[in-house]
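Number of protein chains: 2
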Amino acid sequence: MSHDCSFLTDVVPEDRVSFGDAARDSHAADWAADEAGTGVTPDAVVFPESTADVSAVLEAANDRGVPVTPYAAGTSLEGNAVPEYAGISLDMNRMNSVLAVRPDDFQIDVQPGVMGDEIDDAVASEGLFFPPLPSSGDISTIGGMIANDASGMQTVKYGEIADWVLELEAVLADGSVVEAGSKAVKTSSGYNLKDILIGSEGTLGVVTRATLELEGIPQQIRGGRAIFPTLDDAAEAVFDAVRSGVDVAKIELVDGISATMANDYLGTDLPDAPMVFLEFHANHGIGEEIDFCRSIFESHDVDRFEMADEEEMDELWQARRELAFALQTWDPERGPIHPGDITVPISKLPEVIRYAKDLGEEHDIVVPCFGHAGDGNVHYTAMVDRSDPDELAAGQEIYKKVVEKAIEMGGTCTGEHGVGRGKREYLELEHGADSVEAMRNLKRALDPRDTLNPGKIFPETATGERVQLEADDD
Amino acid sequence: MSHDCSFLTDVVPEDRVSFGDAARDSHAADWAADEAGTGVTPDAVVFPESTADVSAVLEAANDRGVPVTPYAAGTSLEGNAVPEYAGISLDMNRMNSVLAVRPDDFQIDVQPGVMGDEIDDAVASEGLFFPPLPSSGDISTIGGMIANDASGMQTVKYGEIADWVLELEAVLADGSVVEAGSKAVKTSSGYNLKDILIGSEGTLGVVTRATLELEGIPQQIRGGRAIFPTLDDAAEAVFDAVRSGVDVAKIELVDGISATMANDYLGTDLPDAPMVFLEFHANHGIGEEIDFCRSIFESHDVDRFEMADEEEMDELWQARRELAFALQTWDPERGPIHPGDITVPISKLPEVIRYAKDLGEEHDIVVPCFGHAGDGNVHYTAMVDRSDPDELAAGQEIYKKVVEKAIEMGGTCTGEHGVGRGKREYLELEHGADSVEAMRNLKRALDPRDTLNPGKIFPETATGERVQLEADDD
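These protein sequence lines map, in sequence, to chains A and B. Read in the numbering used here, the first sequence has 147 at position 147, and its numbers run on one by one without any break. Read in the numbering used here, the second sequence has 19 at position 19, and its numbers run on one by one without any break.
The following block holds chain A by itself, in its conformation from the complex (with noise of 0.2 angstroms):
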């Protein structure tokens, strides 16, 4: 599984290239580092600086035989960006400029590897913000958002990263650097590049350049929780609000276990109930939007309607936003099974949250569920002791079965992580043998060689074949 990478120093400077133990292990696993978010040790690391360098090693590469593995934070979590089959990682993050702002036209030019949190530093002062941000905009670069599609807390009012990405710069699989989308706010030229390359993990190209869209910082903000009797009262009040349509920009569900960890976690004071994290943003009339919340809330029984103060709400976005590190630590015999979330239409959130807590009661086993409920996605898992293998089948077979409830309901087995190595067993029952098919056959005309991130996404990349690598002397 191991490839001659020497040609590297040949094609970009010395100091952009590792062959070292260190950074090579380190490129082995994303954050999660469980069964999905571990991939092999590649061969070398090297470290582009410009768009010449991500041509100058992919052309090589390609010619090679090399599979190339884009890498930025690793924060995707589902083994996107961890090699499948050794060769080279490309590590985007010293490409990480911000090049214009363009305050008039609502546009940021950025490299790859700039994080989330320093686009809105970027264009703070000129009040503007970049609403889809996920929660992990302080740890994840730009370009892995890109690649993976991803989307946060304020999705529900603002969308997600490809709704305010305007145009991107990628190197293709050969080398030749693509140009997809438009600085015009809308377009209908030519085939759209561009939302073929977001979400596509890295398979399809490498991002070297995006213009992202802004919006403006709204005048009125105001945040606050609800704390439910139950959970299935908290995820019918969410549906109920997000149908009755409440204009808010963060609506989150934390069940009670959640809340507990996040307190055991932080030092927090959350009461140990299912509530709903709110954020509401305007420009005119919020009290009215917020009361109208109220109002649906009541009908649902919620126990509290809480607004708070700038400093409460900072406390209780870091809870939600540290659910993933409180899980991690909160017992020390049990851990989450999987971080993996999945996406239903916003009329079955009620019914796909009380499935999974069915599934944990039946089984014994804790299902903690949190998310962007408002979008109808919802973050579970379940906390199970690793070496009692009874417990680790139960625990993976309720992580499944939710999975395949989500795409029963006419959801996605993703709603943001991207596929990498952890769902790629759901694309078909998600999508079709047929719309697969034709998945595999935009791979093979941007990527004939499988150079670019091999092994992710399709399923039968996981018998350990690159899907479609020719021979390297054709």
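No incorrect hints appear here.
To give a feel for the contact side, a few chain A residues facing chain B, derived at Cβ under 10 angstroms:
hint : residue
1    : ARG102
2    : GLY190
3    : THR343
Computed spacing ranges between beta-carbons, pair by pair:
hint : chain 1 : residue 1 : chain 2 : residue 2 : range
4    : A       : SER244    : B       : SER299    : 35 to 43 angstroms
5    : B       : GLU288    : A       : SER295    : 19 to 27 angstroms
6    : A       : GLU126    : B       : GLU288    : 16 to 24 angstroms
7    : B       : SER6      : A       : GLU35     : 51 to 59 angstroms
8    : A       : SER244    : B       : GLN328    : 39 to 47 angstroms
9    : A       : GLY20     : B       : LYS401    : 53 to 61 angstroms
10   : A       : PHE7      : B       : GLY432    : 26 to 34 angstroms
11   : A       : PRO13     : B       : ARG444    : 30 to 38 angstroms
12   : A       : ASP138    : B       : THR230    : 44 to 52 angstroms
13   : B       : MET307    : A       : THR268    : 48 to 56 angstroms
A few chain B positions that, by computed beta-carbon distances, are all more than 10 angstroms from chain A:
hint : residue
14   : THR9
15   : GLY20
16   : THR38
17   : THR268
18   : GLU362
Worth flagging that the hints you see were computed from the coordinates, not collected in a lab. For every residue, glycine included, the Cβ atom is placed at its ideal position computed from N, Cα and C.
Following the hints, complete the assembly by docking chain B onto the known chain A.
For chain B alone, coordinates are given in the frame of chain A:
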């Protein structure tokens, strides 16, 4: 160029096939019926009534090397839907059912032949509407809008068609049926087949079902108009309003000559002056938003800024919608050279309009300009006497130069009408050779025999050869 299509009655019932001159001739040109909008007469017209019909026709045609060009309302105006190489015109108008409305999820499932206004009619009783309809929504099908990634007056607030399509069923060139997208509002599962089909103008697949997202009808809707001393003031005012974040649902620019033409055509009494038509949508504070817009317009010397009642607004919007027809009939000796559009970053809007007008003055040719100015979109043409070769050439030169200017400004050669036949020559200028080659690779991947709508979008198809046609006996 003609193809033997007698096989058709073997694959679909006879009442769904026509070889008659009337049917064939009516599918040879679109509404523009000019150079771009006139193709060749197809050998047969098929009126499929189901996905199975579409699949059977495509599979059989693909096997035989017979081109298939999907047709619906013919309102795209760049020749997108007319045959370049005869073969089959696939008329989608019989597949015109609303299949399901799911108000709780803000979703509707439709067949491709459903007209735009029928979508609004089907969901109005639920308090919902479909925001991105083009101005021609009452004479255009949703399938055509998807094929073109159309957009309209409300795109400035709500986005384009692509932003409101959740899931598609489409038949590929070989007859296989794919599902693309998800009924969940977000997904990062697999490649985005949906957005590569949207805007592909029937060259990659034929949409047979779409799940669309809907929006709640706003509680406050108010319209009005603003009259400016010069077109430059009007364009600068629109730019400033957008840059300042005015929350406007429609913001349409109409130049003085276009207003005159509308008056002549409709008998209205619009001032013969540069105007901006406006509509605001809100649930709270619409008055404040209108005042905000007014204050910005006043800083650009607006002569009058008037809110109108519903009846007055109906008249204004009718004038705006029918401008394309007004242009056709205004001058008995001169007609529009082509009904095209370009889109630029909003900061370039005033400059591109000045550029077009200056070119008109230089050549003493009337150049009407209007459009969805809040998106940086400009519809323009040149009024020429086609019997005068010099005037015709001058008009064509003006038309071409404005397209090139838009591209130079980082904009697009076509904001909403697609490439079709009319904009093929600009594809490479806009996207670059490597990007066009990547697009061509996608076409080869999904339609290797160039069965679907051959001759469109890509530049060299204008030479009279199908791009990727393989031998019939392979």
